[in-house]
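Enquirer: Listed below, chain by chain, are the residues.
2 protein chains.
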Amino acid sequence: MTDATYGALAESVRRLIDATIRTEVGADTVAAVTAKLDAATAQLRAALMPGSFGQRCGDDGQPVASGNVVIGVRNPVAPPLTMHHEPDGSVWTEFILGAAYEGPVGHVHGGVCAMILDHVLGATAHQPGRPAATGTLTLRYERGTPLNRPLRAEARVDRTDGRKVLAIGQLGDVGGATVRAEGVFILPRPQ
Amino acid sequence: MTDATYGALAESVRRLIDATIRTEVGADTVAAVTAKLDAATAQLRAALMPGSFGQRCGDDGQPVASGNVVIGVRNPVAPPLTMHHEPDGSVWTEFILGAAYEGPVGHVHGGVCAMILDHVLGATAHQPGRPAATGTLTLRYERGTPLNRPLRAEARVDRTDGRKVLAIGQLGDVGGATVRAEGVFILPRPQ
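As you go down the protein sequences, you meet chains A and B in turn.
Residue numbers for the first sequence follow this note's numbering, so the first one is 32 and each next one is one higher.
Residue numbers for the second sequence follow this note's numbering, so the first one is 32 and each next one is one higher.
Hints were generated in silico from the structure; no laboratory data involved.
Hints are all accurate, no fakes.
No distinction is drawn between identical chains; accordingly, a pair holds when it is met within one copy or between any pair of copies.
Straight-line Cα separation of at most 25 Å, DMTMM-like style, residue types lysine to aspartate or glutamate; simulated pairs:
| no. | residue 1 | residue 2 |
| --- | --- | --- |
| 1 | 67 | 42 |
| 2 | 67 | 55 |
| 3 | 195 | 119 |
| 4 | 195 | 117 |
| 5 | 195 | 213 |
All values reported here derive from a predicted model rather than from experimental measurement.
Using the sequences plus the hints, can you model the full thing?
Expert: Listed below in structure tokens is the structure:
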């Protein structure tokens with residue numbers, strides 16, 4: 032089965048998450064819905080992979096991380112972000128974050144900004160077949176990042192020193208950067 | 032209505048999220064479940080607060096952030112973490128993260144580690160009625176953080192300089208720290 036079937040399920044759960052946070056229906060309806068969801072979960076659990084999704088081969092034979100908390104199309108916690116890789120090695124992604132990612136009132140949690148920048152900086156530091164591990168990550172918060180507004184995150188490699196890659200990037204809205212980041216990523220030793 | 036009713040709904044959605052990522056049932060079942068979930072979401076959306084949860088008064092009159100992505104009991108994306116505040120101002124929390132928080136295979140996404148440390152360091156930097164804003168946050172990744180294992184995050188104020196608070200902390204498992212963090216938080220000007 033392709034990711035599309037499971038992806039539609041995850042997208043449905045994302046809408047449910049938003050409604051769960053924002054609903055103001057009464058206790059009886061909430062209890063009835065909860066019972067329905069428990070039944071749905073039992074149906075899905077009839078056949079369950081052990082542990083976590085990990086990395087599996089997609090229909091094209093390429094490894095996919097469909098359970099990834101940032102980009103995984105099967106993970107309802109993931110927005111999910113789509114990474115665009117430019118020929119110069121830079122990476123960008125555009126998205127909107129709703130109620131599920133709130134920290135300060137009306138704003139994206141600073142920790143969610145950190146999570147996204149960790150992923151985007153890591154994506155630009157990666158080399159084919161050599162996934163980079165985060166060494167250090169430094170974030171500078173310029174101002175609040177609004178919920179429910181178009182956002183963009185981007186990163187590029189600033190310089191490379193042996194197996195160390197220094198990546199820089201930012202998250203921002205139409206008014207410019209809200210959070211700036213730099214990270215040192217470590218490439219695995221060549222085989 | 033108390034948070035308990037909505038909290039039970041959110042807890043049900045958390046189990047559903049895990050099953051959504053890990054299920055191996057066939058396409059027919061997935062499609063049937065998706066339809067049920069869409070119906071449940073429609074029931075919850077019959078009365079919906081605008082925008083996001085924000086901060087509301089709990090039954091005891093204290094402000095609560097039930098929609099918060101890290102600690103919100105109504106937010107299925109939140110683990111949710113429970114913050115313990117010690118008399119000396121330090122903060123700690125213990126928890127287990129499952130498949131929904133995966134990055135590297137079998138491990139917590141480094142960005143999720145960053146998110147949690149941002150929140151825990153911020154919680155220790157806060158002063159009553161004076162929520163601190165993150166200025167900078169620096170993370171040092173020592174090794175991978177395992178999924179489905181008991182984890183602990185803790186933080187304390189190292190020093191204060193006017194409105195600037197330097198907080199330090201770490202995330203780790205039974206084997207010690209996996210990620211260390213330091214952050215500069217800015218307190219609002221006194222009223």
